[in-house]
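Asks: Chain residues, written in single-letter form:
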Amino acid sequence: MRIPILKLHNYLLVSIQIDLDDQTAIDFQEDLLSKIHKSGSSGVVIDLTSVDIIDSFIAKVLGDVVSMSDLMGAKVVLTGIQPAVAMTLIDLGIHMQNVPTALDLEQGLIKLRQELEE
Amino acid sequence: MKTKSQVQINKEWDIVGARQMGRELAKEMGFGTVDQARIATAISELARNIYLYADKGAVTFEIEEDLNKKGLKIIASDQGPGIADLSKVMEDGYSTSGGLGAGLPGVKRLMDYFDIVSEPESGTTITTIKWVR
Ligand SMILES: Nc1ncnc2c1ncn2[C@@H]1O[C@H](COP(=O)(O)OP(=O)(O)OP(=O)(O)O)[C@@H](O)[C@H]1O
Ligand SMILES: [Mg+2]
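For the protein sequence lines, the chains are A and B, in the order given. Once you know that position 5 of the first sequence is 5 in UniProt numbering, the rest is easy, because the numbers rise by one and skip nothing. Once you know that position 106 of the second sequence is 106 in UniProt numbering, the rest is easy, because the numbers rise by one and skip nothing.
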């Protein structure tokens with residue numbers, strides 16, 4: 001299974017709608033990086049509104065995707081993390097401190113625009 | 001009274017199967033959304049450890065019920081290589097696979113009861129319980 005990545009102007013938008021298994025998460029990481037490269041996008045929003053579990057593996061993949069995109073010159077914002085998911089991440093000891101987040105997709109786009117203008 | 005069910009862990013997809021089954025059970029038992037997420041996350045960590053380090057094993061669910069409380073017991077067992085230093089693997093950040101090393105210490109915090117028995121060469125059994133509040 002592949003997660004669809006949409007292009008909107010110079011941004012990429014991703015909405016994760018499935019229960020992520022490890023292989024799908026790794027494929028997504030590769031797909032996103034190559035799409036950033038091909039499209040020259042400067043910002044990415046990954047919306048997690050429908051994701052009801054983030055375990056240590058998925059958290060690592062998401063954190064890595066943020067750092068890797070950053071190296072390539074694209075900013076990533078994670079949006080819509082559910083309250084229950086935020087609580088389990090803290091129990092896991094994962095604080096995602098270096099990862100930009102926003103409440104929802106709209107706020108995410110605003111945050112991207114601000115970060116890219118600075 | 002005890003009700004039992006079991007998921008075999010042989011392939012990567014079984015990690016998702018196990019956590020989905022655990023979440024369903026937790027929902028039926030009356031756990032709230034946050035505890036359902038805690039239970040599903042703990043199962044995901046335990047099942048992935050089985051898949052990564054022991055190749056195969058099983059996750060067993062038992063409903064524990066007595067007069068005044070009800071809980072979901074999750075037992076993750078394998079006949080893999082076992083763990084030589086139990087205190088080491090319970091440290092945050094300790095990983096032999098380049099992971100975050102968040103799994104086992106995380107499961108301990110996510111659940112109400114946590115016990116680990118492991119013998120080098122003969123395998124690992126981790127027992128955890130979450131009580132319905
Ligand atoms: N069932 C098991 N059999 C053998 N060794 C195990 C088992 N489970 C865990 N371990 C060992 O314990 C270490 C710590 O496990 P833990 O789940 O905490 O972190 P991790 O799996 O390395 O990374 P993460 O879970 O954050 O992705 C592992 O790296 C592994 O060496
Ligand atoms: Mg682990």
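Simulated from the structure, these hints should not be mistaken for laboratory data. Every value quoted in this text rests on a predicted model; they were computed, and no experiment measured them. A portion of the hints provided could be inaccurate.
What the hints assert, rightly or not - In silico BS3-like cross-links for lysine-lysine, where the CA-CA straight-line distance does not exceed 27 Å:
(1) B/11 <-> B/69
(2) B/4 <-> B/70
(3) A/7 <-> A/60
(4) B/56 <-> A/60
(5) A/75 <-> A/60
(6) A/60 <-> B/4
(7) B/70 <-> B/11
(8) B/108 <-> B/27
(9) B/108 <-> A/60
(10) B/108 <-> B/11
(11) A/38 <-> A/75
(12) A/60 <-> B/70
To be verified - Chain B regions said to be covered by chain A (calculated; three or more residues, Cβ under 8 Å):
(13) 5-18
(14) 71-85
(15) 121-130
Claimed, not checked - Just a sample of chain B residues kept apart from chain A, beta carbon distances all over 12 Å, derived:
(16) 23
(17) 35
(18) 39
(19) 58
(20) 64
(21) 66
(22) 68
(23) 88
(24) 113
(25) 116
(26) 117
Beta carbons are placed, not taken as given, at the ideal position from N, Cα and C, and that holds for glycine.
Asks: Confirm or reject each hint.
Replies: Evaluated hints:
1. A threshold of 27 Å between alpha carbons decides the hint, and for residue 11 of chain B with residue 69 of chain B the separation of about 35 Å lies outside it, so the pair is violated.
2. Our distance criterion of 27 Å between C-alpha atoms is met by residue 4 of chain B and residue 70 of chain B, whose separation comes to about 14 Å.
3. At most 27 Å may separate the alpha-carbon atoms for a hinted pair to count; residue 7 of chain A and residue 60 of chain A meet this at roughly 25 Å.
4. Restraint check for residue 56 of chain B and residue 60 of chain A: the C-alpha separation of about 23 Å stays at or below 27 Å, so the hint holds.
5. The straight-line distance between the Cα atoms of residue 75 of chain A and residue 60 of chain A is roughly 17 Å, inside the 27 Å bound, and the hint therefore holds.
6. With a CA separation close to 33 Å, the supplied pair residue 60 of chain A and residue 4 of chain B exceeds the 27 Å bound.
7. Under the criterion of a C-alpha separation no larger than 27 Å, the hint pairing residue 70 of chain B with residue 11 of chain B is inconsistent with the structure, at around 31 Å.
8. As the CA atoms of residue 108 of chain B and residue 27 of chain B are separated by approximately 21 Å, the hinted pair is consistent with the 27 Å bound.
9. For the suggested pair residue 108 of chain B and residue 60 of chain A, the alpha carbons sit about 19 Å apart, so the restraint of at most 27 Å is met.
10. Proposed proximity of residue 108 of chain B and residue 11 of chain B is supported: the alpha carbons are some 24 Å apart, at most 27 Å.
11. Among the hinted pairs, residue 38 of chain A with residue 75 of chain A is consistent with the structure: their alpha-carbon atoms are about 15 Å apart, no more than 27 Å.
12. Restraint check for residue 60 of chain A and residue 70 of chain B: the C-alpha separation of about 34 Å exceeds 27 Å, so the hint is violated.
13. For the stretch 5-18 of chain B, the proposed coverage by chain A is satisfied: 4 residues have a C-beta within less than 8 Å of a C-beta in that chain, meeting the threshold of three.
14. Chain A is given as covering the stretch 71-85 of chain B, and this is violated because 0 residues of the stretch bring a CB closer than 8 Å to a CB of that chain, at least three being needed.
15. Look at the stretch 121-130 of chain B against chain A: 0 of its residues bring a Cβ nearer than 8 Å to a Cβ of that chain, fewer than three, so the hint is violated.
16. Remark: the non-interface label on residue 23 of chain B conflicts with the geometry, its nearest Cβ contact in chain A lying 8 Å away (cut-off 12 Å).
17. For residue 35 of chain B, the non-interface assignment is contradicted: its Cβ lies about 9 Å from the closest Cβ of chain A, within the 12 Å cut-off.
18. The Cβ of residue 39 of chain B sits about 10 Å from the closest Cβ of chain A, inside the 12 Å cut-off, so the non-interface label is violated.
19. The claim that residue 58 of chain B is not at the interface with chain A holds, since no C-beta of that chain comes within 12 Å of its own (minimum 19 Å).
20. At roughly 21 Å, the least C-beta separation between residue 64 of chain B and chain A is larger than 12 Å, which holds for a residue marked as non-interface.
21. The non-interface label for residue 66 of chain B is consistent with chain A: the shortest C-beta to C-beta separation is roughly 26 Å, beyond 12 Å.
22. Residue 68 of chain B, annotated as away from the interface, keeps every beta carbon of chain A farther than 12 Å; the closest lies near 26 Å.
23. Distance check for residue 88 of chain B against chain A: the nearest CB is about 16 Å away, which clears 12 Å, and the non-interface claim stands.
24. Every beta carbon of chain A lies more than 12 Å from that of residue 113 of chain B, the smallest distance being close to 15 Å; the non-interface claim holds.
25. Against chain A, the non-interface label of residue 116 of chain B holds: every CB pair exceeds 12 Å, the least being about 17 Å.
26. Residue-level check passed: residue 117 of chain B sits 22 Å from the nearest beta carbon of chain A, beyond 12 Å.
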